[in-house]
Amino acid sequence: AQSVTQPDARVTVSEGASLQLRCKYSYFGTPYLFWYVQYPRQGLQLLLKYYPGDPVVQGVNGFEAEFSKSNSSFHLRKASVHWSDWAVYFCAVSFDSNYQLIWGSGTKLIIKP
Amino acid sequence: ETAVFQTPNYHVTQVGNEVSFNCKQTLGHDTMYWYKQDSKKLLKIMFSYNNKQLIVNETVPRRFSPQSSDKAHLNLRIKSVEPEDSAVYLCASSLRTYEQYFGPGTRLTVL
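Just so you know, the protein sequences line up as chains V and U, in that order. Last residue of the first sequence: number 113 in my numbering, and the count goes up by one each step with no gaps. Last residue of the second sequence: number 224 in my numbering, and the count goes up by one each step with no gaps.
Because the hints were derived from the structure by calculation, they are not lab data. Heads up, a few of these hints could be off.
Unchecked claim - Listed below are several chain U residues computed to face chain V (Cβ distance under 8 angstroms; list not exhaustive): (1) 149; (2) 152; (3) 161; (4) 215.
Quick caveat: nothing in here was measured; it's all calculated off a predicted structure. Note that the Cβ used here is the ideal one computed from N, Cα and C, for glycine as well.
Could you put the whole structure together from the sequences, leaning on the hints where they help?
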């Protein structure tokens, strides 16, 4: 069955340090992939998206992600985190002609001063 | 301003009451969604709807129903709320693509 896994429920990073949030999916074809961010008491905002093409995609606020078909992964990266990045990050995948998204369980990013 | 709007922000009610949540999008999208987000932040799709098709997640209890007057509005009605309905309800929309845009959510507390 198609699925999305975010293996880390919480990630703690020092301000200014680099970041990687992991996302793995299960599917035999080429999916469409997304990262969303949810700040406290807000809805979800699209950070970046992958449609088949260049495997490295750039998003807002210095975020980027890399698609790897061999690893079935779409990890999110940032070179230097800021305290304002404290939020929950969701990976989502779609393989469906009805545009349904399958969601990961989210990773809470905590920033240490 | 173009966005997805939800009202109310918060709602507190008692078991057995009926509630309705409103969602409006001004993005010109043709598909709208309702999600339930539990206390652990897990997202569950409840409904997706465009002017041709309603897709219902088969795990959604029958007391939940979507109501749409046009493609810019998709409300959510809960006929008789239960304690497990306490959650944040998120509305989203899209335009024939996989990118969904979300409203701020409605937080429901059932006493």
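Status of each hint after checking the structure:
1. 149: At 12 angstroms from the nearest chain V Cβ, residue 149 of chain U fails the 8 angstroms test, so the hint is violated.
2. 152: Violated: closest Cβ of chain V sits about 12 angstroms from residue 152 of chain U, beyond 8 angstroms.
3. 161: holds (7 angstroms)
4. 215: With a closest approach of 4 angstroms, the residue 215 of chain U hint holds.
Checked against the numbered hints above, the structure breaks hints 1 and 2 and satisfies the rest.
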